[in-house]
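Participant: Spelled out from the first residue to the last, the chains are:
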Amino acid sequence: MRVKGRPLLGAFSGFFLGLFLAFDFFLLKVIASDSGLFLVLPIVLAVVGIVLGLAAPALDRLRRG
Amino acid sequence: MKRILGAGAVAAVALLLSVAPAGAEITRDTIGCSATATVTADDGSAVTVDATATSVKIPRAANAAWHGEINKVTHDHEGSIDLTLGPLTINLGKWGPTGNDQNAGTKDGVTDIPTLVRQFPSVKWKLTGYHKGTEGQCEGQLTVEVEGSAASTAAAGVAGLAGTAAAAAGLVSAARPKSPYRTGYGR
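Chains as they are written, first to last, in this note's numbering: chain Z, 1 to 65; chain D, 1 to 187.
By construction, these hints were calculated from the structure, which means they are not laboratory data.
These numbers were taken from a predicted model, which means no experiment stands behind them.
It is possible that some hints are incorrect.
[Unchecked claim] Dumping the calculated SDA-like pairs for lysine to any residue here, alpha-carbon to alpha-carbon at most 25 Å: (1) Lys4(Z) with Pro177(D); (2) Lys57(D) with Val30(Z); (3) Lys178(D) with Phe12(Z); (4) Lys178(D) with Gly36(Z); (5) Lys29(Z) with Gln119(D); (6) Lys29(Z) with Gly86(D); (7) Lys124(D) with Lys4(Z); (8) Lys29(Z) with Val47(D); (9) Lys4(Z) with Gly105(D); (10) Lys29(Z) with Ala151(D); (11) Lys29(Z) with Pro177(D); (12) Lys29(Z) with Lys178(D); (13) Lys126(D) with Val47(Z); (14) Lys124(D) with Pro7(Z); (15) Lys29(Z) with Ala155(D); (16) Lys4(Z) with Ala166(D); (17) Lys4(Z) with Ala169(D).
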């Protein structure tokens, strides 16, 4: 039976993780309101999420040996 | 997976290090621009901000009284002051285009401070502004901190951490494969 990944969940979660991380940095005064991280972090983490979702079956096979 | 997260962390640190320091900066000036703004808090204490200050922290207030001046009078001019929030910009005020037939070199006014800024915790807001006419132009940017309340800081902090935790849980879940036997029915 073929195991499937969750790239859509990964994209969605990665995007919002990036957005909330940028927001946390903003609250901690690490970045100012014009920081590029507000745009870059959601995009980068959405891509990371898609990759993780697509690679999940392979990662699972590696984990199980 | 650890390598991917490690690379992401390195990229994030590199971006953080490239963030500009707080303060004001006249980035372009061919007409001798200068400006001040006075913010009066509810308790009556007033803080005057000069456009060339290096660090600006103002009390929470409803509005700011400003004064702008140019050494070389400009004509057919216009200008704007904007607050930048990520990829968005919020206009705080604009003037012109106008011919300036009276040859005015100064201007005063009162601008409302946006509710979003007043209700937020103490964070670093970036303002940008410009004035340009046929004789020349000036541009500047300013990082300003508005004093926040403990309640707004706590509420925003909780919301930020909860959102981060929920999104991180979703990302971890995405890194696990769908089981072909799980249907979700009957649970």
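Participant: Now tell me if each hint is right for this structure.
Facilitator: Outcome of the hint check:
no.	hint	in the structure
1	Lys4(Z) with Pro177(D)	6 Å, holds
2	Lys57(D) with Val30(Z)	16 Å, holds
3	Lys178(D) with Phe12(Z)	16 Å, holds
4	Lys178(D) with Gly36(Z)	34 Å, violated
5	Lys29(Z) with Gln119(D)	16 Å, holds
6	Lys29(Z) with Gly86(D)	14 Å, holds
7	Lys124(D) with Lys4(Z)	43 Å, violated
8	Lys29(Z) with Val47(D)	21 Å, holds
9	Lys4(Z) with Gly105(D)	68 Å, violated
10	Lys29(Z) with Ala151(D)	17 Å, holds
11	Lys29(Z) with Pro177(D)	37 Å, violated
12	Lys29(Z) with Lys178(D)	39 Å, violated
13	Lys126(D) with Val47(Z)	28 Å, violated
14	Lys124(D) with Pro7(Z)	35 Å, violated
15	Lys29(Z) with Ala155(D)	16 Å, holds
16	Lys4(Z) with Ala166(D)	22 Å, holds
17	Lys4(Z) with Ala169(D)	19 Å, holds
In this structure, the hints that do not hold are numbers 4, 7, 9, 11, 12, 13, 14, in rising order.
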